[in-house]
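A.B. asks: Chains A and X are the protein sequences, given in the same order. Position one of the first sequence corresponds to residue 1154 (the numbering used here), numbered consecutively onward. Position one of the second sequence corresponds to residue 1154 (the numbering used here), numbered consecutively onward.
Don't read these hints as lab results, they were simulated from the structure. Please read all numbers here as calculations on a predicted model, not as lab measurements. By construction, the Cβ of each residue, glycine as well, lies at the ideal position given by its N, Cα and C atoms. Each hint should be verified, as a subset may be incorrect.
Unchecked claim - Facing chain X, according to a computed beta carbon distance under 7 Å, are these residues of chain A, among others:
no. : residue
1   : I1198
2   : S1283
3   : F1285
4   : N1398
5   : P1402
6   : G1421
7   : V1422
8   : E1423
9   : G1592
10  : Q1595
As the list claims (entries may be wrong) - Take a look, some chain A residues computed to stay more than 10 Å from chain X by CB distance:
no. : residue
11  : K1206
12  : H1209
13  : A1234
14  : I1275
15  : T1320
16  : E1351
17  : K1461
18  : K1581
19  : R1597
20  : E1642
21  : K1646
Protein chains: 2
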Amino acid sequence: MSKTRKTKAKRARPAAKAKGRTTKKSREMAVAATAESMAAKQRAISISEFFAKNRHLLGFDNPRKALLTAVKEAVDNSLDACEEAHILPELVISIKPVTESKFVLTVQDNGPGIVKQQIPNIFARLLYGSKFHSLKMSRGQQGIGISAAGMYGLLTTGEPVQIISRTNPKKNAHHYHVQIDTTKNKPEVVLDEQCDFELSTGTNVTITLEGKYQKGRKSVDEYVAQTAMANPHAAIIYHAPDGSNYEYPRQTKEIPIPPREIKPHPYGVELGLMYKMARDSSAKQLSAFLQNEFSRVSLRVANQICEKAKLRKTLRPSRMSLKQAEALHTAINETKIMAPSTDCIGPIGAEQLEEGLKRVVDADFYTASSRSPAVYRGNPFLIEVALAYGDKSSGGNGDPEKEPLMRLIRIANRVPLLYQQSACAIYKSVLDINWRNYGLSQSRGALPTAHVTLMVHMASVWVPFTSESKEAIAHYPEVVKEIQLAVQECGRKLGMYLRKKKRIQQEMDKRRYIETYLPYIGEALQDILTLKQKQVNTVVSRLKRVLEKSRKI
Amino acid sequence: MSKTRKTKAKRARPAAKAKGRTTKKSREMAVAATAESMAAKQRAISISEFFAKNRHLLGFDNPRKALLTAVKEAVDNSLDACEEAHILPELVISIKPVTESKFVLTVQDNGPGIVKQQIPNIFARLLYGSKFHSLKMSRGQQGIGISAAGMYGLLTTGEPVQIISRTNPKKNAHHYHVQIDTTKNKPEVVLDEQCDFELSTGTNVTITLEGKYQKGRKSVDEYVAQTAMANPHAAIIYHAPDGSNYEYPRQTKEIPIPPREIKPHPYGVELGLMYKMARDSSAKQLSAFLQNEFSRVSLRVANQICEKAKLRKTLRPSRMSLKQAEALHTAINETKIMAPSTDCIGPIGAEQLEEGLKRVVDADFYTASSRSPAVYRGNPFLIEVALAYGDKSSGGNGDPEKEPLMRLIRIANRVPLLYQQSACAIYKSVLDINWRNYGLSQSRGALPTAHVTLMVHMASVWVPFTSESKEAIAHYPEVVKEIQLAVQECGRKLGMYLRKKKRIQQEMDKRRYIETYLPYIGEALQDILTLKQKQVNTVVSRLKRVLEKSRKI
């Protein structure tokens, strides 16, 4: 009874509200909303609710990718922590299958450990971290990754994240079980105790999650192999779900030069942002504000800028008007300012990159190139590229003679990117190059077909990923340009190699002709001039020498 | 003096900290971090700081795209508001250039207006909205779009968002200037007054932003045209920055059937999420919990599930253990449950889609297909496709005979998607189809080349976009499969058309042969049988008829 009454009430309303605005068609299904009814529904959304629903943004679209993403986030954190503490990393990655679709992932590192109080926030709160507010090259940057992996584990299996961490060899380790409260984006501590730990300092993270283990190009195995390649200073042991064990010993004892934190470069800081920085600044004078808040602004440059903007050097930044900020912004972009310093970026190095490529690809020809740092939106970045040609194992559906599509290995801040290739600025940049100029064949809108492996590394204080899952680099024009210049340099070297190879091939063909036909010429001369066999041999070998000398190889 | 001392102090520290862990190389540039120093740096990140830095995630990577994204967000909101209030939308979009790189964008609608108290939150706070917590088809879904556009305007020009809104014809309109405080993700009200407004109810939003206006495939012009196509019930007037004016009159007075809000479907709700729902539930019995919280679960189905899971129907959900939840989750996926209801999705309709295509593309052949609703992760969705073949104006670099790559028009919940085509599930699905089966030529890893325009629409209560900028659909296997099935249906029809066309062509060729050679046969017969000219004519015309009859066209 009450149910029918309710329905009636619902039916009655739209007619009254719609006031002839809608068509005659009866609208039994939905009631027309009003500004008031819509206002009543407005509410804040917690960031963890948002990402729980949009988990594909974080790389958890399907079970296979989810497993990879979870490994990646844990490994990124471990490597970053070791590097920050100047420790040569030793990682143990282990994935144990519980059922076919459920795994227990454990990543252990010998890093500095995590302070007890921070553990719940780091592992069970989104948008919490140390790297977001600093301009410095690191793998993690957003404060989302590992807590998102924990949230995904919780959502799919109901199990909390388990952490063991020791920061001091003289003290016990902490053992925590934490889980995220998605409606509030706050951590809940399920277990909190002290325990033993095999390492003097370090962290061990365990996540139980739904996943799928599958070998191949986008597998965890491939990710670990590429990570070892991009991080020759790390020792990695990996226990795969199928029982295989992989060991990647350390290749160099040299820790990458620890990148420095920098201030934003004045180019590329937007008007509104600069205006806000000025309004919030505690500096008393405009000139000091410019020198303190930006990199590469000396007293001389600051004065130049003020002069161009027709503003007093002594203007108090917090009292600046939008008009004045506009003038300042224009002046900055008209003033010549040094490019940002490069020691905030720790490139792998063209040579090491080529070495890395040699370790995984057995090819005929290798080359590498490295650009000097450039800037996008005030952030310095650097592109390095290595190329290998002639790797017969590199695809073509098993047929070594059939030319496969170029294989692209994308790396950002030493982290291999396995997914979303076609959305990536690296892919686009490589696609837009005319590879026919370098002697490769290429269909319209596709990668060139050749036994080529191309590795591109972008190192930056802030890699502009297309999504939080950090799988593809956004198409900033400056980034695309630098990638193209670096790749083209390798392309030119490849072209030279291929042309030379072709020339040698032609030369060889010609030489073969000479060798084939010279004896006949000899015979003919013998007949015509009635020479002895010995004379013929002399003439022929002389002729051969002369003919060969007349060309250069 | 003090400077050198400082430097010395800095140099002294790393050696002390590193304790032989690092290589001998002196590390003057950075001090090794400890667990404590790292903990001190940890802090929460506001969601607006996050998106200000990651603005490319929201579609603001470059000035051209930023202009488009801002228009899109404002238009999405206007159309959604009108639809919810059952109002036939009348939109005026105007973009006025201030300088070459700065524009004033205004979007005005005749919707229900926005309640005064909500204006600051809606336009200057991220993750605030009415659509996130309801499962219902709408253009906006995240509560980010318009406030992000406002934030981008503020960042690039320093100007606040201006809003005029009237909810009641008898009252004055409100006039607000609001801007976001990015460090807190809170709105700041700069101006708050009453004013006149030309419409009885409606909203007028003005954003000043840095942008770039450029015509072409990814332009605002194209977006507005495609929006008009996908929303035949909306009247749109568009004043472009170059002074051109476009008017898209309403094509139908029928408002799309307003989609209903639904509950999640039990299939695809993950274990952890279901466990949390159960623990949070106020239902007293398991059976009631299942019926209340999920769609398509009747008493009978609920009992079936409980039986399969070997759980009491009367179990209190909030006391459920993880083990029990696991059993329940398995049981749900083993129970046959009806597909979700379809009235929560408002498709455009295959016929209307084909009509829409006819309006923009002048082709020889049109076809369309529509799938029945399917489910991904518990969310119902539906795919519709329309295809046009033979549009000679569709590219090929101006040469109408040169076959261009297929043109793909992607639409999600009636919103055209112009960017990130190659990252989109629609692109991938179309790419993975073997178009040679349907008579088109196609290179490896590329779209087919043909004068074909393909329009794909995904309608869903929750479109899984690859990023908040809502430019590409994520690769959920269920979505890819449905797109492929729908496109293949159109492909088959195209194949039939092309085969028939080819057959007709061959027939015509044969007929031409007959017509060419019959007279000679006639002459030959005349010679052999000595017939009169009249007899020859009769024989020839009979022969012709017989030959033609013997084939079918």
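A.B. asks: Hold the hint about E1423 (chain A) up to the distance rule: shortest CB distance to chain X must be less than 7 Å.
C.D. replies: At about 5 Å, which falls below the 7 Å cut-off, the nearest Cβ of chain X leaves the hint on E1423 (chain A) intact, so it holds.
A.B. asks: Using Cβ atoms only, decide whether I1198 (chain A) comes closer than 7 Å to chain X, and label the hint accordingly.
C.D. replies: OK, holds: I1198 (chain A) within 7 Å of chain X, min 4 Å.
A.B. asks: Regarding the assertion that I1275 (chain A) does not contact chain X, is the least Cβ-Cβ distance greater than 10 Å?
C.D. replies: I1275 (chain A) is in fact no farther than 10 Å from some Cβ atom of chain X, at 7 Å.
A.B. asks: Are V1422 (chain A) and chain X close enough, Cβ to Cβ, to be under 7 Å, as the hint says?
C.D. replies: violated (10 Å)
A.B. asks: Against chain X, with CB atoms and a cut of 7 Å, does the hint on S1283 (chain A) hold up?
C.D. replies: holds (4 Å)
A.B. asks: Given a cut of 7 Å on the nearest C-beta pair, is the interface hint for N1398 (chain A) held or broken against chain X?
C.D. replies: This interface hint is violated because 27 Å lies over the 7 Å limit.
A.B. asks: Holds or violated: the hint that G1421 (chain A) contacts chain X, with Cβ atoms closer than 7 Å.
C.D. replies: It is violated, given that the least Cβ distance between G1421 (chain A) and chain X is near 12 Å, above 7 Å.
A.B. asks: Evaluate the condition: distance from the CB of H1209 (chain A) to the nearest CB of chain X exceeds 10 Å.
C.D. replies: violated (4 Å)
A.B. asks: Any CB of chain X closer than 7 Å to the CB of P1402 (chain A)?
C.D. replies: At 17 Å from the nearest chain X Cβ, P1402 (chain A) fails the 7 Å test, so the hint is violated.
A.B. asks: Are all C-beta atoms of chain X more than 10 Å from that of K1206 (chain A)?
C.D. replies: Its Cβ does come within 10 Å of chain X, the nearest being 7 Å, so this is violated.
A.B. asks: For the hint on F1285 (chain A), does the least C-beta distance to chain X fall short of 7 Å?
C.D. replies: holds (5 Å)
A.B. asks: Does the claim that K1646 (chain A) lies off the interface hold, with its Cβ farther than 10 Å from every Cβ of chain X?
C.D. replies: Given that every Cβ of chain X is farther than 10 Å from that of K1646 (chain A), nearest at about 25 Å, it holds.
In summary, the structure is inconsistent with hints 4, 5, 6, 7, 9, 10, 11, 12, 13, 14, 15, 18, 19 from the numbered list given earlier, while agreeing with the others.
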